[in-house]
Amino acid sequence: MSSAEPAGFLYPFIDNEETDAASLLADLARSAAGKWRQSTDLRNATLAVLDGPIRAAGAAMAERVAAGGQVFTMGNGGSATDAEAFARLCTRPPRGIPVPARSLVVDQAVLTALSNDVSFEVVFSRQLMAFAREDDVVVGFSTSGNSDNLMMAFAEARKRRLLTVGLAGYDGGRMGASDDVAHCLTVRSDSVHRIQESQSAVAHALWEALQTELRQKGAAA
Amino acid sequence: MTTTSAPSPSSAADAAIGGLASDLARASLALARRFYAGGTLWCASPAWPFHSHHVAVEFVHPVIMGKRALPAVTVPPDEDLLATLRTTSRTGDMIVAVAPADDPAVVAVMRRGDAWGVETVWIGAGPRPPAGAAKHVLWLETEDPLEASEQFVRVYHLLWELAHVCFEHRGLLKPDVCLDDVCVTCSDEGRPAEVLAVVGDEAVVRTAEGRESVDTSVIDPPSPGDLLLVHAGTAIRNLDDVA
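Quick note, the sequences are listed as chains D and S, same order.
Quick note: this note's numbering has the first sequence finishing at residue 223, numbered continuously throughout.
Quick note: this note's numbering has the second sequence finishing at residue 229, numbered continuously throughout.
For the record, the hints were derived by calculation from the structure and aren't laboratory data.
Incorrect hints may have been included.
Covered stretches of chain D, as calculated for chain S (at least 3 residues, CB under 8 Å) [as the list claims (entries may be wrong)]:
1) 21 to 35
2) 38 to 49
3) 79 to 90
4) 192 to 201
Residues from chain S shown here face chain D by an in silico Cβ test under 10 Å; the list is partial [what the hints assert, rightly or not]:
5) Arg114
6) Glu136
7) His143
8) Arg156
9) Gly157
10) Val190
11) Arg192
12) Ile205
Okay, the calculated beta carbon distance ranges per label pair [what the hints assert, rightly or not]:
13) S/Ser199 to D/Ser121: 51 to 59 Å
14) S/Met51 to D/Ser121: 38 to 46 Å
15) D/Thr214 to S/Pro113: 28 to 36 Å
16) S/Pro113 to D/Asn118: 23 to 31 Å
17) D/Ala50 to S/Ala33: 26 to 34 Å
Owing to the predicted nature of the structure, the values given are computational and were not obtained by experimental measurement.
The beta-carbon is built from N, C-alpha and C at its ideal position, and this holds for glycine as well.
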């Protein structure tokens, strides 16, 4: 380190210290373009592979919604924001039919009360105990597919006959292997960021499928 | 990635995503420099609060183990964005907004970036904000709101990923290395300032260097919140005068 040398300050360009940003900026731009392309490729491949499962999940959700059910969403960290985004898309869609939905992540008083008094594992399952009815749907977002609080909520939801939909990553994790998750939509990647980016597209495709089914039901009614 | 390979023209990188790749590179380095100097990142998305929460959690609790936790804060969507950031942001901080070009609160905050000494990054889609509306404008071509929302996530993921690459290049993070083409601090031009209070022919203003008193006798009496250009202790123009 130059700071350890008494005369280092006289020679600011010694010790391979960069002062020209152009080379780094070119590398960063190339890296950004490459990652962007990877994300696009993963998104398109995922939507192609999951086309059937997304339609099936959307149709099952439409059954519940048409019967008067609402959609609960949940997730941790960045996935909590995906859960909030999906609930808002349902209630305030840019087009189409508004669907009753609510994120289980937004109420600080409930989240901290359950975490403090019981444990963080129950923050979603205990809310389902309070709110859920048989026609409802729960959609959980997790990049690992392994979150304890999601698994507990899926088990509770299954017991209460809710429809369960999971968005997972990697190989699906526990969500992919569990009977408690009726529809598990897995983005097959091992990069958390790229998984989340494709999950956002999967969530939008799921919403489109739900809208398509609701339109058909509306036309038939 | 390394920096030992020969630099390639960024036009090659830009082929995939247009000028966004170069814009992302510059914004990431600017954020890394501010974080390195101790700045805080303020995240705002009045229309889509989940995006601002997502940006903040990326930096505070990185998905990659071992990466440093960085100070990033969401401005709650129910707060007055301008009032909150005017009070809480400090010289050296950063603001990242995810918002359409016509979001009035974001417009108001972004145009004060230079007066507050804050680096501004504006992520959005659709019609672009006017040139210079923020220091860094990371804009997407798509008009589809769902596609835009997906791509916003990519943009701020990449901001985080590239900023962390920059942390490995300490020489470029030092504050005495000036990377701007024109450095307002070093040059002899007017500096932007926001009026905090007016007393007679003087105004207390906030500039990138802090609070100062300036003579306002050569302009019409300004109001608190106005943006002025100051030069040598004198306000020479009120940028909010529409006349």
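Structure-based check of each hint:
no., hint, in the structure
1, 21 to 35, "holds (count 14)"
2, 38 to 49, "holds (count 4)"
3, 79 to 90, "holds (count 8)"
4, 192 to 201, "holds (count 4)"
5, Arg114, "violated (19 Å)"
6, Glu136, "holds (5 Å)"
7, His143, "holds (4 Å)"
8, Arg156, "holds (8 Å)"
9, Gly157, "holds (4 Å)"
10, Val190, "violated (36 Å)"
11, Arg192, "violated (29 Å)"
12, Ile205, "violated (38 Å)"
13, S/Ser199 to D/Ser121: 51 to 59 Å, "holds (56 Å)"
14, S/Met51 to D/Ser121: 38 to 46 Å, "violated (23 Å)"
15, D/Thr214 to S/Pro113: 28 to 36 Å, "holds (29 Å)"
16, S/Pro113 to D/Asn118: 23 to 31 Å, "violated (46 Å)"
17, D/Ala50 to S/Ala33: 26 to 34 Å, "holds (31 Å)"
In summary, the numbered hints that this structure violates are 5, 10, 11, 12, 14 and 16.
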